[in-house]
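Peer 1: Two chains, two frames, a set of hints: combine them into the complex.
Top to bottom, those sequences are chains F and R.
Heads up: the first sequence begins at 138 in the numbering used here, then just goes up one per residue.
Heads up: the second sequence begins at 1434 in the numbering used here, then just goes up one per residue.
Derived by calculation from the structure, the hints in this document are not laboratory data.
Mixed in with the good hints, there may be bad ones.
Chain R stretches covered by chain F per the calculated footprint, using a threshold of three residues with CB under 8 Å from any CB of chain F [unchecked claim]:
| no. | stretch |
| --- | --- |
| 1 | 1549–1556 |
| 2 | 1564–1572 |
| 3 | 1849–1855 |
Cβ pair distances, simulated, as ranges [stated by the list, open to error]:
| no. | chain 1 | residue 1 | chain 2 | residue 2 | range |
| --- | --- | --- | --- | --- | --- |
| 4 | F | D381 | R | G1609 | 21 to 27 Å |
| 5 | F | S303 | R | E1717 | 55 to 61 Å |
| 6 | F | R175 | R | P1673 | 55 to 61 Å |
| 7 | R | G1562 | F | Q167 | 50 to 56 Å |
| 8 | R | V1656 | F | Q347 | 41 to 47 Å |
| 9 | R | W1719 | F | R175 | 54 to 60 Å |
| 10 | R | G1562 | F | Q347 | 41 to 47 Å |
| 11 | F | D398 | R | L1480 | 18 to 24 Å |
| 12 | R | G1562 | F | D180 | 38 to 44 Å |
| 13 | F | Q167 | R | P1673 | 55 to 61 Å |
Since the model is a prediction, treat every value here as computed from it, not as a measurement.
Even for Gly, the Cβ is constructed at its ideal location relative to N, Cα and C.
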Amino acid sequence: MTWLRFLLCAAALALAANVPAQTAAEPNAQAMLQASDRVRNTDRAFAVTVTLIEYRNGQQTDTSTLASYAKSDPRSGQFRTLIRFVAPARDSGKLMLKAGNDFWFFDPASRASVRLSPQQRLLGQASNGDVVTVNFASDYRAELGVREEIRDGERKKRDSTRLDLSAFTDNASYHRIELWVDSANSQPIKGKFYADSDRLLKTVYYRRYQKQLGADRPTETVIIDGLDPKWVTVMRYTEFAFRDVPETWLQRDYLPNFRPD
Amino acid sequence: MSKPFLCAVVLACVVPCVVAAEAEDAALDLADVAPQAAPTVASDWRLFTELAAGQTTLRQAGAADTSATTQRLSLDVAFDKKLSPELRAVFADRLDLTHQSDAVGSRTVNTFKEGYFSWQPDARRVLDGGRINARYGAAMGYNPTDFFREGANRSITSLDPQDLRNNRMGTVMLRGQTLWQGGALTAIYAPKVADAPNAGDWNADFGATNNRRRWLVVASHQVADNVNPQVMLYGDERQPVQLGLNLAMLMGDAAVGHFEWSGGRSKTLLAQAAPLAPGVSQDETWHNRLATGFTYTSASKVSLTAEYEYNGAALDQTVWDALRAGAPADYASYRQWLQQRQEITTRHAAFVRATWQDALVNRLDLTLMLRRNLDDQSELTWLEARYRLDHAELALQWQLASGDAFSDYGALAQRRLIQALFRYYF
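Next comes chain R alone, as it looks inside the complex (with noise of 0.2 Å):
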């Protein structure tokens, strides 16, 4: 062996030793001056405003677009506090103050989204009763076990999922829960308060989560490693039972499956939304409702869903398209009665969700969002770049609905929206 590069060698296995402990010193370097935490205590509170500006363009029947200036002042706060070892008490309450530059106007409402208490005996038993904000569902676009959705947002400012459920009022119920290794069983039941929504400024609105009596039951139960699924039954005196079912189990180390699903009797969607139209079939019968996919993490920290949403009971591609030709009059009501229950417009819907954490740039968030329906191909394209500071978060979002006119996404007032918003953590 020639001594250059016996050399080259030698220097090969050294060099990268050199340089991987001198890194390390620097590391420990580093280390050694971290400053020493103080000890934090959590706090019962959580509160937050958030200023959104933005300018959007509005969809006009017959005439050009117009475009409208937006501003919104949000006070969020929630509290959740032991008062003894056995009892808690939980509050949550929203405050939106918006104006639009047009006939639209300013308007202010105030979401009370929780408020009950609950008392644990002891670990095995839970009993709350209050407002509550009980939510299900593995999947992340759509919900068909989530039961208490119904009418449950007041004040949409998003429609991002995630803003849905986070801005969302809960039911007024009596909940309990007895857990035992690895399963539980929880029961629900939520009375009638009140007879109709009311949209006052600030109003409770339990009208709107409590317009009849309803009752849930949902068991779960480790089965087997990376498996617990959560089996539902459902009661509402509007319809028949309906079941309930929600699994995510693991695929591999990135990836998570998720499939939800709920079927029973009912009515279709058009019928419940249109009970004296001539021509529509009030009979019950079986109709399941679905949203399957998976959530799969890169190394580089960019997750994505991609979701296949079905329910049996909306309407197939011939009935919607003859639905968008006839009387506007019911085109708009079997519209507004689908988004105060959340359900999706026909029968076949798709939803992906991108999130590059740490994108480019430490704290930066990037999301971006697309719902798709599969009848009538119209799109809604959501963007989000967030940057993340201590105590505060920048946000530059940007909307985009896209298809034919009286199509799913084509016919929402807000066809383009663009804001900026700040949101301050207290």
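Okay, chain F solo, but in the shape it has when bound (with noise of 0.2 Å):
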């Protein structure tokens, strides 16, 4: 009776012992949101050069190259994107710009400035959404989901947590998206992104780490179709940059006079 005693004690010595102890481990869904958020995006304005290549059936059907100017903007926390077209010639010098959920578009043929629904798309597969900088924190509330092995980008096993991200403001572009982050640095591996239908929209791999920009980041992410595998855009992001993005650059009515150095 003793010994029972002290072992049902010590049971729950060891419960009581135990309980603070894995909350304090418990990761936290939106800490390991936010700190996905900072391998993929930088804190202050830089600018990016954007290829993408655009797989048919196996066949390279499309290519497009874009300068992107990003900034975070201090009240949302999200960020703002200029992206100029660079290629091809009949879209050069084309304009896209995105803050909070207002997109427009600039062709300096006709110099006039449209505004675009999230849904209206410039390029191929890939949507407005997919081309500018965004937080998820801002815009998605991360539950934690299981932790698992998975293959990453590079076909090698990694130790993942999924994130399951649930849209709670208006400008989010998908309903929801599941995020699997390296359990040990919150590096995005892949993602899936959800309809309001819950129909599979797109996986997106995040592969390619290189240091830039002060830490390591993707410097490509692969889209896949939901809804055809074969389609594939691949998204390539070379010179980095940290540079100055004017406020003024940032709203429709300076499209006109944007000019980069």
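Peer 2: As structure tokens, then:
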């Protein structure tokens, strides 16, 4: 009986000691999401060149090059992005601005600034939301999903934590996202993006991590269509640089004046 | 639970996962061998040439229609360069060489579209001087606030409003802009440069765009998320000050609504077109002009714009019917005057434009445009199939103007047109 009492007390003590310890070790989903955002983006304004290569049934069908200028909004924490089309020649000089939920398109040929809906696409498979810089934590609430070993974009096994994101602002492009991040350093590995109807829209791999803008960041995303997996877009990021992005660049009225150095 | 049922459930769960994993592997294999992009530098030049050949059916008053073949060679060039951190130079020009196998014959028209310097002492202030295409308007088919559109199109190669905007001349002006977070104030002064338009082949035609003094003040500010109106004041030595408003707002994830209005005291369009006509009042009264509608985009990349257009200064149905039945000279001068100003002919009109991007096959865009005069029920239909190559585009266009004789579109000289185009970007 004494032994039994001792065992019960020991078990109770162990449990009591263990509960706070487990709570402290429990990863915070929103903090992991924020850390994952910090891997993809920096806090400072920056410029990057984005090359999109589109494939259908294994054949390359389209290529575009964009220059992107991004700066976070101190009020919302979300990025505003000005995109300048560099190639192909027919699109050269066209601009797209995303600020909050506002998308504006400027064509230098007609000097017209036209408002776009989030669903309007200027590129092939990649949505406007895919090519602009986005902090998921500003628009999505994260919950912890399973911790599992998955294969990353380099086909290496990674200990990952799945974050289940649900949109809580109107600015969110997707209804919900499953985002697998590295359990150790919150590097994004893979995401599945879903529509309101819960249909899988796309699967995205974040890969080819390189030291850029002071941290290891993905320099390539591979977008696989949810309905037709043979429709693939490779987005390559090069020429990363911190740069000043004046506030005035990030509004419709400035678009006709925009001409970077 | 029976064994076969259990196996079926397991298979139903496992097989899609395996298939998806294989598809993802295949996609990653593709990405592994994707070509490394060579660094691309944005060019200061934009240059393309366009070759068009077609057949048109021409309306002949009181006689059977005739047909003619048409050919066109165009060269379009644009240059935009920063000469220093503060100074920028912009130039744009277009040359159209056209030939029609009838009395119209061959024509050469050069359009000096833009040529100006822009000085930006800092990111908040801009001063521009020269010939500038200052284009305003949230609507697509009719832009009552696009005050500098009058006389701007020297060579009309297509009735698609997008082409009309791309190919037009700017106005000689001095333009100053100051910007703040979420807003801007723009002031424009356009002087008189010449008395009248000049149709000379290579003439810069300042008389078409700068035949009187005009000014414009535009203010805009983001008053709330999704609300960024543009308010305008326009002065013209030929009429009292006009007001303008532009607003484009999101209507959910897939639609944008637009509202464009201008209003002020003015003579009716008929009074302006025929100032000496007996029985036409020359009084200046308040008139509203409006274009409002929406653009909806489906997940399959079909964009549909529908727009209602109104001009209170244009003819109502009764006066329009009387003009059509009256002296042909009055009718013709009214039509010609309107065409120059890109005004709608009568009070009410509708405009629809649908574009299907990557239709049926990748890189193929299909466009349908429909204009309808709601007072005389005449219509203009325009269809285009355009295939995009890396440096070139191939297009097939078909246009049909239908309606009673002397109706808005029924009276167009070009009743039917079919043409093929080849455009090459350098």
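Peer 1: 18 to 24 Å was suggested as the range; check whether the CB atoms of D398 (chain F) and L1480 (chain R) agree with it.
Peer 2: holds, 23 Å
Peer 1: V1656 (chain R) and Q347 (chain F), beta-carbon distance inside 41 to 47 Å?
Peer 2: holds, 43 Å
Peer 1: Between W1719 (chain R) and R175 (chain F), is the Cβ distance one that fits in 54 to 60 Å?
Peer 2: At roughly 58 Å between Cβ atoms, R175 (chain F) and W1719 (chain R) fall inside 54 to 60 Å, so the hint holds.
Peer 1: Is it true that Q167 (chain F) and P1673 (chain R) lie within 55 to 61 Å of each other by Cβ?
Peer 2: holds, 59 Å
Peer 1: How does the coverage statement for the stretch 1849–1855 of chain R fare against chain F, requiring three or more residues with Cβ below 8 Å from a Cβ of that chain?
Peer 2: This one is violated; 0 residues, fewer than the three required, reach chain F with a Cβ under 8 Å.
Peer 1: Return holds or violated for the Cβ distance of G1562 (chain R) and D180 (chain F) against the range 38 to 44 Å.
Peer 2: At roughly 40 Å between Cβ atoms, D180 (chain F) and G1562 (chain R) fall inside 38 to 44 Å, so the hint holds.
Peer 1: Against the range 55 to 61 Å, how does the distance between the Cβ atoms of R175 (chain F) and P1673 (chain R) compare: consistent or not?
Peer 2: With Cβ atoms ~58 Å apart, the hint holds.
Peer 1: Falls inside 21 to 27 Å, the C-beta gap from D381 (chain F) to G1609 (chain R)?
Peer 2: Check passed, 24 Å falls within 21 to 27 Å.
Peer 1: Is 50 to 56 Å right for how far apart the beta carbons of G1562 (chain R) and Q167 (chain F) are?
Peer 2: With Cβ atoms ~52 Å apart, the hint holds.
Peer 1: Could you tell me whether the CB distance from S303 (chain F) to E1717 (chain R) stays inside 55 to 61 Å?
Peer 2: Distance hint for S303 (chain F), E1717 (chain R) holds at roughly 59 Å.
Peer 1: Count the residues of the stretch 1564–1572 of chain R with a beta-carbon closer than 8 Å to any beta-carbon of chain F: does the count reach three?
Peer 2: It holds: at least three residues are needed, and the stretch 1564–1572 of chain R offers 5 whose Cβ sits within less than 8 Å of chain F.
Peer 1: Mind taking a look at whether chain F covers the stretch 1549–1556 of chain R? Criterion is 3 or more residues with CB to CB distance under 8 Å.
Peer 2: holds (count 3)
Figure legend: structure checked against the earlier numbered hints; the only hint not met is number 3.
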